[in-house]
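Sequence lines, in order, name chains A, B and C. Residue numbers for the first sequence follow the working numbering, so the first one is 21 and each next one is one higher. Residue numbers for the second sequence follow the working numbering, so the first one is 3 and each next one is one higher. Residue numbers for the third sequence follow the working numbering, so the first one is 34 and each next one is one higher.
Worth flagging that the hints you see were computed from the coordinates, not collected in a lab. None of the values given here were measured: they were computed from a predicted structure. Beta carbons are placed, not taken as given, at the ideal position from N, Cα and C, and that holds for glycine. Misleading hints may appear alongside valid ones.
To be verified - Ranges between beta-carbon positions, derived for each pair: (1) C:TRP245 to B:TYR95: 47 to 53 Å; (2) B:ARG18 to C:LEU87: 53 to 59 Å; (3) B:ARG18 to C:ARG55: 40 to 46 Å.
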Amino acid sequence: MTSLLTIEDLRITFPSRQGPSEVVRGVSFTLGRERLGIVGESGSGKSQTGRAILGLTPPPGKATARVLDFDGTDLRAASAATWRRLRGARMSMVMQDPKFSLNPVMTIGRQLMEALKFGASETRAEARTRALAMLEAVQIRDPERVFRAYPHELSGGMGQRAMIAMMLVAEPDLLIADEPTSALDVTVQVEVLRILDRLVSERGMGLLFISHDLRLVSSFCDRVLVMYAGRVVEELKASELTQAQHPYTRGLMNCLPKIEGGQRPLPTLERDAAWAR
Amino acid sequence: MGEVMLQVADLAVTFRRGGDAVHAVQDVSFSVAQGESFGIVGESGSGKSTVLRAICALAPTSAGTIRLRDAPLATPRPARFFRQVQMVFQDPYASLHPRHTIDRVLSEPLAIHGFDRREERIERALEEVGLGGGFRFRYPHQLSGGQRQRVAVARALILEPEVLLLDEPTSALDASIQAEVLNLLDRLRAERGLTYVMVSHDLAVVAHMCDRLMVMQHGRAIEELSRAALAAHRAETDYTRKLLSASEGYTPAEAS
Amino acid sequence: MSAMTRHEWLLSDRPTSRRQARLGQAYRTWLSFRTNWLAMVGLGIVVALVLVALFANVIAPYDPVLGGDLRTERFLPPLTGNHLLGTDDLSRDIFSRIVHGSRLTLLVVVLVAVIATPIGLLVGTTAGYFGGWVDTVLMRITDIFLAFPRLILALAFVAALGPGIENAIIAIAITSWPPYARLARAETLTIRDSDFISAARLQGASSARILWGHVTPLCLSSVIIRVTLDMAGIILTAAGLGFLGLGAQPPQPEWGAMIAAGRRFLIDQWWVATMPGVAIFIVSLGFNLLGDGLRDVLDPKARK
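Given only the sequences and the hints, what does the whole structure look like? Please build it.
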């Protein structure tokens, strides 16, 4: 499998009153045309890792890496023009809450067309057809209506699908999905995941799926990185999660309640200071 | 099973906004025995939280009756009610006043209801939820999400209620913190013989915590089942089965 | 505590008493306020105004009301003799008059703040919290007050009550609460349905307790910011009333009245009207800078 994205020794630091604090400390991985999951609790640095790949580390944060390569392009030295060419067209990101990621005063259609502008040269009518087709592809039943709608006129699930449509309309090679389904109901969640799944298998897209939900990631992704305190503590195949070696991964798995019933009290996670070192 | 603690019959909640009427809850009935833990499961908009809010009159009851220890509840609720029924909210970041210290959060209910030995009660309440005295004079922003939720539990329990209404108490918390808070709630129920009504979207959490549960959809109760039935995946409605399979994680392209 | 500096004690993560927690919170606010130098300049001006008003008798070299020799000491330009800012048409030392005038300015500012802020807070939080017809009635009354330009309304009140500094203060206070009521209502609407208010109601807290103990503290900071920013306008309104002869009456050294008296000589003796104008300008600027700084530290929404 050819690798689409290669990261070595990614570090992200934020200045604070007590001096610089490193929220991501030496993360390395490669991503091919596959589903790679990053799992971690809040503050583990998983979202910052995703943002850094797109060069979206919020200031005053600083991201550095020994290698940050996207399909032959060195992202560390990327100019503004390079980023414009890459973002949207070749790599995109789906955020957790569609409410904050969609422009509230633009119709979904206009935002979709906007996303297309960076793509190939084509007429307005062609772009419109493509945008509508994309809305249909994300299982929106009435694409014409959604095309004309403003974000506030859509439900959470619809909004998230519209958001995914927007991110995918330019057919990127890499999609970073940061908790794309956490704001959704479980039944809608499954549908959204099916869409992502199909895009990976049919279009050969690379997907970086960032989530706090170990159960979801392990059932959806091919490989899983487990992050703790800014580091990857374990990398394993999703199917082999039950044989996880690291006590943190095992702790995360065990502390989830099970429908079939299990231990009472639930086993809790005893954090070891050594994991963070 | 013991005496019936809480009984809800034909409950309906209708919100009126301008000319529209939104039927948030329709014809919901259930009863909870003393010392029992009862779960309500549903997705957003199913009306599950509204049921809890209607019990404590935070949402208007448009039809039906709610009885506590076989006595119908008056609206507005009498002061005595708040010493019997308390609630823990979903978002620990929104349920604590940002400018009040933990001390103030805990001492206010004691002052309202004229409790004695307040110092001692506050110290003990913090002790019971696993927060030492070092937390007493902190502000909420100096606490983590899990610690805040412990404070919210302490606030609910400081009036020594018999019934605790739990509105998604762990959905805003990380998995490892969720386990700690669930264990805490479990232990407190055993120690004090509390009655729980717990609302959640997470079937696994409800299955872990509750003896019986009710599934809600679009404001209606569609199924009631026991923990054993849930564990064995013996659901009667399609919707519950769908929830069950979704909560297992992702299943690629199932025949649908 | 001896091993700890006061700084550490205040910034402690685990305060051991109510007092320490409250002081620590105030100290943190102060630390972030201190980093904003423009706000510190504003604070400096306001503190200076208070000090000058307190020690006016010591600072002012001459009597503010009784003038000197009308034959030799009229219209002395600035920096002649002992008259730092010169003298006016009645041979009174302008510097002394401005120093004493600061008392009137401070009186206006403090009284208006003390009268208008609580009215605005009470009306706004009550309207916002209860909603329904209470809200409608209170807000329509507020709208009526807001419909008139402030100076015109103050003029009408002063005309009815009679001229004088006290009536000017009452008139300004009556006309300045409606924006605070609006602001407090808007804040209350966002707070009203939050979980911590629901939690307080579930504890059996009365509406009065919730309004006073839970809602008001959260509205207070934005209202304080607004009041501080309005102070410049209030000072100008007071000066305007003084200028029109409806505020402070001669020979009171009110800054607006001083400008009014000096305008007749503006071409030849520019300093008579200019000096009190500069005083108004500096104090207004001070309050504006202070208000901006307070907004930065108190208003979480303005933060990034």
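Going down the list of hints, with the structure as the test:
Our hint of 47 to 53 Å for TRP245 of chain C and TYR95 of chain B is violated, since their Cβ atoms are close to 24 Å apart. Under the hint 53 to 59 Å, the C-beta atoms of ARG18 of chain B and LEU87 of chain C, about 58 Å apart, fit the expected range. A beta carbon spacing of about 43 Å between ARG18 of chain B and ARG55 of chain C agrees with the range 40 to 46 Å that was offered as a hint.
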